[in-house]
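Visitor: What follows is the residue order along each chain.
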Amino acid sequence: AQSVTQLDSQVPVFEEAPVELRCNYSSSVSVYLFWYVQYPNQGLQLLLKYLSGSTLVKGINGFEAEFNKSQTSFHLRKPSVHISDTAEYFCAVTIKAAGNKLTFGGGTRVLVKP
Amino acid sequence: DTAVSQTPKYLVTQMGNDKSIKCEQNLGHDTMYWYKQDSKKFLKIMFSYNNKELIINETVPNRFSPKSPDKAHLNLHINSLELGDSAVYFCASSQAYAGGPGYNEQFFGPGTRLTVL
Numbered sequence: 001a002q003s004v005t006q007l008d009s010q011v012p013v014f015e016e017a018p019v020e021l022r023c024n025y026s027s028s029v030s031v032y033l034f035w036y037v038q039y040p041n042q043g044l045q046l047l048l049k050y051l052s053g054s055t056l057v058k059g060i061n062g063f064e065a066e067f068n069k070s071q072t073s074f075h076l077r078k079p080s081v082h083i084s085d086t087a088e089y090f091c092a093v094t095i096k097a098a099g100n101k102l103t104f105g106g107g108t109r110v111l112v113k114p
Numbered sequence: 115d116t117a118v119s120q121t122p123k124y125l126v127t128q129m130g131n132d133k134s135i136k137c138e139q140n141l142g143h144d145t146m147y148w149y150k151q152d153s154k155k156f157l158k159i160m161f162s163y164n165n166k167e168l169i170i171n172e173t174v175p176n177r178f179s180p181k182s183p184d185k186a187h188l189n190l191h192i193n194s195l196e197l198g199d200s201a202v203y204f205c206a207s208s209q210a211y212a213g214g215p216g217y218n219e220q221f222f223g224p225g226t227r228l229t230v231l
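Going down the list, the protein sequences come from chains A and B.
The letter at position 12 of the first sequence is residue 12 when you use this note's numbering, and the numbering goes up by one with no holes.
Offset between the second sequence (1-based) and this note's numbering: plus 114.
Careful: at least some of the hints might be erroneous.
Stated by the list, open to error - Taking CB as the label site, the calculated pair distances span:
id, chain 1, residue 1, chain 2, residue 2, range
1, B, Asn-193, A, Asn-68, 40 to 48 Å
2, B, Ala-210, A, Ala-1, 23 to 31 Å
3, B, Thr-229, A, Arg-109, 15 to 23 Å
4, B, Asn-193, A, Phe-14, 43 to 51 Å
5, B, Thr-127, A, Ala-1, 30 to 38 Å
6, B, Ser-153, A, Thr-5, 18 to 26 Å
7, B, Asn-218, A, Ser-9, 23 to 31 Å
8, B, Lys-166, A, Val-29, 24 to 32 Å
Hints were generated in silico from the structure; no laboratory data involved.
Virtual Cβ for every residue (Gly too), placed ideally from N, Cα, C.
When you get a sec, could you build the whole thing from the sequences and use the hints?
Guide: Laid out in structure tokens, this is it:
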């Protein structure tokens with residue numbers, strides 16, 4: 001079975017500073033990878049996804065992530081954060097043979113400080 | 115218009131009661147899901163229905179019973195509520211799951227916060 005580990009439970013960051021959220025996955029077969037964002041008291045919104053092709057994936061709100069197969073990682077980055085980026089971020093994986101069954105990591109809370 | 119809606123938004127109830135959470139999507143999707151997010155924010159899939167047919171059923175107690183009257187609705191009924199059922203329950207929907215390789219983006223509802231006292 002596949003699994004996802006988000007190495008940081010909380011990441012405090014100052015406004016306009018860069019941020020990186022780490023995600024590692026485990027799977028014996030090919031995967032699809034995702035980052036979701038959950039703003040306070042809201043549902044999840046897809047930030048970006050890796051299905052195939054270029055390993056650098058660009059998403060909404062200036063976020064990007066890089067798929068590294070050898071390191072089984074899918075880290076999320078943003079070069080300059082805003083106060084509005086304060087949220088919980090979830091990395092998720094699904095194996096290609098069961099396309100829509102998502103397995104989530106434990107989440108990383110990003111707190112952007114002025 | 116809300117794409118995936120859930121009612122109620124908050125639900126507070128006593129142990130042992132039976133309660134239902136409703137979910138509706140107006141995206142024309144064929145597949146719907148229920149997820150549970152516990153107090154530590156851990157998200158786990160519970161069920162998935164494709165065209166009113168159950169296709170994913172994780173190791174969820176029998177007290178939880180999903181019901182899909184039509185493909186736009188997936189309700190979750192919980193019998194004999196326990197303290198450990200306290201969580202946020204999210205409904206989601208996607209285009210039809212055809213089985214095998216492929217992925218269709220899931221759209222999530224705003225969640226229902228269930229508190230069992």
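Visitor: Indicate, hint by hint, whether the structure satisfies it.
Guide: These are the hints, each one checked on the structure:
Hint check: Asn-193 (chain B) to Asn-68 (chain A), Cβ distance near 45 Å, so the stated range 40 to 48 Å holds. In this structure the hint that Ala-210 (chain B) and Ala-1 (chain A) lie 23 to 31 Å apart at CB holds, the actual value being about 24 Å. Hint check: Thr-229 (chain B) to Arg-109 (chain A), Cβ distance near 21 Å, so the stated range 15 to 23 Å holds. The supplied range of 43 to 51 Å is met by Asn-193 (chain B) and Phe-14 (chain A), whose beta-carbon atoms lie about 49 Å from each other.
At about 33 Å, the beta-carbon gap between Thr-127 (chain B) and Ala-1 (chain A) stays in the expected band of 30 to 38 Å. Distance hint for Ser-153 (chain B) and Thr-5 (chain A): a CB-CB separation of about 20 Å, consistent with the stated range 18 to 26 Å. The hinted range of 23 to 31 Å is satisfied by Asn-218 (chain B) and Ser-9 (chain A), whose Cβ atoms lie roughly 30 Å apart. Our hint of 24 to 32 Å for Lys-166 (chain B) and Val-29 (chain A) holds, since their Cβ atoms are close to 29 Å apart.
Hint violations for this structure: none, all hints satisfied.
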